[in-house]
Amino acid sequence: MAQQTLSSPHLRGALTTARVMQLVLLATVPGIIALTWHFGIGTLLNLAWACSFAVALEAAMLRLRKRPIGFYLSDCSALVTAVLLAVALPPAAPWWLIAVGMLAAIVFAKHLYGGMGYNPFNPAMVGYVVLLISFPVQMTAWVPPRESGALLGAMEAIQRSLALAPQAQIDAVTMATPLDLLRQNSALLIEDLWQQNPQFGQWGGAGWEWVNLAFLAGGLFLLQRRIFTWHAPVAMLAALGLMAALFYDGGSSASGGSPLFHWLSGATMLGAFFIVTDPVTSAVSTRGKLIYGAAIGVLVYLIRHWGNYPDAVAFAVLLLNFAAPFIDYYTQPRVYGHGATRPAEREKS
Amino acid sequence: MKPLATFHGGIHPPENKAQSTVLPIAGASLPDELVLPLSQHIGAPARPCVEPGQQVLKGECIATAATAISAPLHAPTSGTISAIEERPVPHPSGGTGLCIVIRPDGEQRWAPRHACAAWQDLPRDQLLAQIRAAGIVGLGGAGFPTAVKAGTRPDRIIDTLIINAAECEPYITADDMLMRERAAAVVSGIEILRHLVQPATILIGIEDNKPEAIAALQAATGNSGIQVVTIPTLYPSGGEKQLIKILTAREVPSGGLPADIGVLCQNVGTAVAIHDAVVEGRPLISRITTVTGASCQQPRNYEVLIGTPVSHLLALAGWDAKRCDRLIIGGPMMGFSVPDAAVPVVKTTNCILAPTREELPPPPPAQACIRCGLCAEACPASLLPQQLYWFARSGEHDKLEAHHLFDCIECGACSYVCPSSIPLVQYYRASKAEIRHKQREREQAERARQRFEARQERMAREAAEREARRQARAAAAAAAQAAKARADAEARPEAPIQPAADPVQAAIERARALRAGQTGDSSAASSTAPSPRQQAEQKVSTLEARLTKARKRHEEAVAGGEKTAAALASVVEKLEQQLAAARAELETTEEQT
Chain A
1 MAQQTLSSPH LRGALTTARV MQLVLLATVP GIIALTWHFG IGTLLNLAWA CSFAVALEAA
61 MLRLRKRPIG FYLSDCSALV TAVLLAVALP PAAPWWLIAV GMLAAIVFAK HLYGGMGYNP
121 FNPAMVGYVV LLISFPVQMT AWVPPRESGA LLGAMEAIQR SLALAPQAQI DAVTMATPLD
181 LLRQNSALLI EDLWQQNPQF GQWGGAGWEW VNLAFLAGGL FLLQRRIFTW HAPVAMLAAL
241 GLMAALFYDG GSSASGGSPL FHWLSGATML GAFFIVTDPV TSAVSTRGKL IYGAAIGVLV
301 YLIRHWGNYP DAVAFAVLLL NFAAPFIDYY TQPRVYGHGA TRPAEREKS
Chain B
1001 MKPLATFHGG IHPPENKAQS TVLPIAGASL PDELVLPLSQ HIGAPARPCV EPGQQVLKGE
1061 CIATAATAIS APLHAPTSGT ISAIEERPVP HPSGGTGLCI VIRPDGEQRW APRHACAAWQ
1121 DLPRDQLLAQ IRAAGIVGLG GAGFPTAVKA GTRPDRIIDT LIINAAECEP YITADDMLMR
1181 ERAAAVVSGI EILRHLVQPA TILIGIEDNK PEAIAALQAA TGNSGIQVVT IPTLYPSGGE
1241 KQLIKILTAR EVPSGGLPAD IGVLCQNVGT AVAIHDAVVE GRPLISRITT VTGASCQQPR
1301 NYEVLIGTPV SHLLALAGWD AKRCDRLIIG GPMMGFSVPD AAVPVVKTTN CILAPTREEL
1361 PPPPPAQACI RCGLCAEACP ASLLPQQLYW FARSGEHDKL EAHHLFDCIE CGACSYVCPS
1421 SIPLVQYYRA SKAEIRHKQR EREQAERARQ RFEARQERMA REAAEREARR QARAAAAAAA
1481 QAAKARADAE ARPEAPIQPA ADPVQAAIER ARALRAGQTG DSSAASSTAP SPRQQAEQKV
1541 STLEARLTKA RKRHEEAVAG GEKTAAALAS VVEKLEQQLA AARAELETTE EQT
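From first to last, the protein sequence lines stand for chains A and B.
Once you know that position 170 of the first sequence is 170 in our numbering, the rest is easy, because the numbers rise by one and skip nothing.
Once you know that position 48 of the second sequence is 1048 in our numbering, the rest is easy, because the numbers rise by one and skip nothing.
The hints are simulated quantities; they were obtained by calculation from the structure and are not laboratory data.
Be aware that a few hints might be false.
What the hints assert, rightly or not - Below are the SDA-like pairs computed for lysine to any residue, each with C-alpha atoms no more than 20 Å apart in a straight line:
no.	chain 1	residue 1	chain 2	residue 2
1	B	Lys1399	A	Gln4
2	B	Lys1399	A	His338
3	B	Lys1399	A	Phe326
4	B	Lys1484	A	Leu103
5	B	Lys1399	A	Tyr118
6	B	Lys1322	A	Pro333
7	B	Lys1399	A	Thr331
8	B	Lys1432	A	His338
9	B	Lys1399	A	Tyr330
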């Protein structure tokens, strides 16, 4: 009597890649809620556009590459890319901007490099950087937070999203982000800057601080579910905090702001828990993750303080994506039964 | 004592051990036939020493150890050898192997047993020989001949003896039940090992999910100095290297043996087998095997004769073949599935797992690796399984070896945690096989090259030797000729010294006669060959001369009364005959001309 034969192990854990992606999506919900509360429904419009484009582009690419569409779509990875890009864009961004971003992310950064698991660069960050370089005006048109009293209305948001709003109207309801303000002003006490601008909140940017705390909560949830380890995000936040502390002069706007300000401004927490932890494009070993995360933290501060862009997470992450294989090469863990040897010596022997 | 260290990684798969520990160990009934593969251990297959049709007694040796690393086989019961033939064997390949088949007579008649209660008095070699003769191999799974492992070289000092009672694989409870029920035999076997190895420390490593077995062992060890160390349940803490790390904080060097760091590791079942063999004179003819899985009505442990078909054992446990998805020999993490329930239980079969499809569903199709790193977190050897996977897929053998593929113990923890359900272990096994194959090919090519070069060298050498010999011969011949020439030159004046003058004189006579015969037509002879007539005349005259001479000597001899007279007479007679013949010849030539 013939039984079927299979290779060991015959037992499998419950976690699947689709489940990992679904948990990541779930963990972005607090951040999305905070964004929507503080900046209006523009974020939801971004999400709707991004998810539609992502699924359509993913399906099209799978079809072109003659892969089973249903099987690969069900891993939800395209949706994760879409959500991460959508929440990073200014709320109520025009649809074509999102389309270009998703094209860069899904088609170029993901499928042209071989698809899921083969991409050396984080697709959402590639999409973001392509847009930032190509369309700086649209990318810096960040809507004012609820706290400023000029929250974008639903109708205006939809107009903007459909690219029907006149540029004058867009300019009228766009405000510099706290990070921009801090960079542009160098001759004020931070206290004064805080008072003059409604964009600042209690610790960081108004609204931004809650958005960051919400993404932090989502990240802690993923950490608790053991979707990733603490090493890379903690290293990034620690390095960013350390850099901010080193260059903080205690109160003038000439310095870069306090560690708390940096932790709770811009895309810090989104980057730390949702971008830096992207397994495909980051370093793999524990030591490698610490180095990878710390280097991103340092770069984020450098680019925020001395660079010319509204935020730095995307550039920092892409630069370290380049370095990840190099970090991996030099941070291989010591294997059981082997003395501590450097890889170069190993290859010689 | 507390564990000294932990190993990296590890996983907590569902244990599923409770269902087979409800009932005590039962003796499995005698099957219709017992099938004993000749290769049940690491090393050379055993060599049969029985013939088909032969009657054997229980415990009688039916196959001997072929080499130093091999193990003999014994008849598990009395009966008749019905065949020695190829049968399906429990092996990951699913293939067949040469087996001795015994038809039991049901009488269980024992062959004479050599129990030795006073084993403390036996010399070490004799004790090892007894263990070897009992066919004991590591019962934990690998099946390495125990006498070889326990008989380490005297220059290797073993300071720690570790008894592996971790039994970390899910479902398997054979060691657990054995310890619960035969703790005294476990300790007795350990004492024999202690006598053999003389370690300073003896540690029994056991996972904390076996409280009954721990209690039984603690009661049995008493104050013998054997320490029962309870370790946290974590797969694969029962891996030899992992257990050594946990208990001693030492690491077996890559490619080395535990003996390199002064450790000997034996399975708890092996200790009991040693006790049985030495104290009771009972060779290894049975073992404890767990029969479990949801397609079995009553999972439990059986004491089963080696060679019992798996199907027989499953029938005892109320197996429902229709519900069974596959048959696994061993546990769900490292066991292998077999296509056929006819395979026998062998010395290393610790578990037969017959799960339903719901229980152990077949793996879903593999998705892309997202380098999540869960495998690297789980790997008990601190490897980077995701990197190995990339290299395995792209066939980069150098990189695989640089990333220490061969330190992979194939425990399956990486595949277990992989969210993309990639069969990682399968990739590593295939790559290891490829690399070994390439290695063998390289070695073969190297050997062939060496053989070819040796042959070329030998042929060149032989040709040179032949040439040298030829030249030596030529030189020797030249030298000999020269010497001879010299000797001739020197010898000629000395020739008259010869005692008998007659032959010389005769020679001179002959030469004179020849010359006389030739003088007549010497000119013709010099230019042309002598005619038959001339030859005949010459012959006649020569013979006449010799006859005259001989007659004269005969007369002298007769006159002198010499002893040679008779001989000379016959010479004269012979010469007369020859002369007559020559004359007759001359006449015929005259007639012809």
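Hints and how they fare:
| no. | hint | result |
| --- | --- | --- |
| 1 | B:Lys1399 <-> A:Gln4 | violated, 34 Å |
| 2 | B:Lys1399 <-> A:His338 | holds, 16 Å |
| 3 | B:Lys1399 <-> A:Phe326 | holds, 15 Å |
| 4 | B:Lys1484 <-> A:Leu103 | violated, 108 Å |
| 5 | B:Lys1399 <-> A:Tyr118 | holds, 18 Å |
| 6 | B:Lys1322 <-> A:Pro333 | violated, 47 Å |
| 7 | B:Lys1399 <-> A:Thr331 | holds, 15 Å |
| 8 | B:Lys1432 <-> A:His338 | holds, 19 Å |
| 9 | B:Lys1399 <-> A:Tyr330 | holds, 14 Å |
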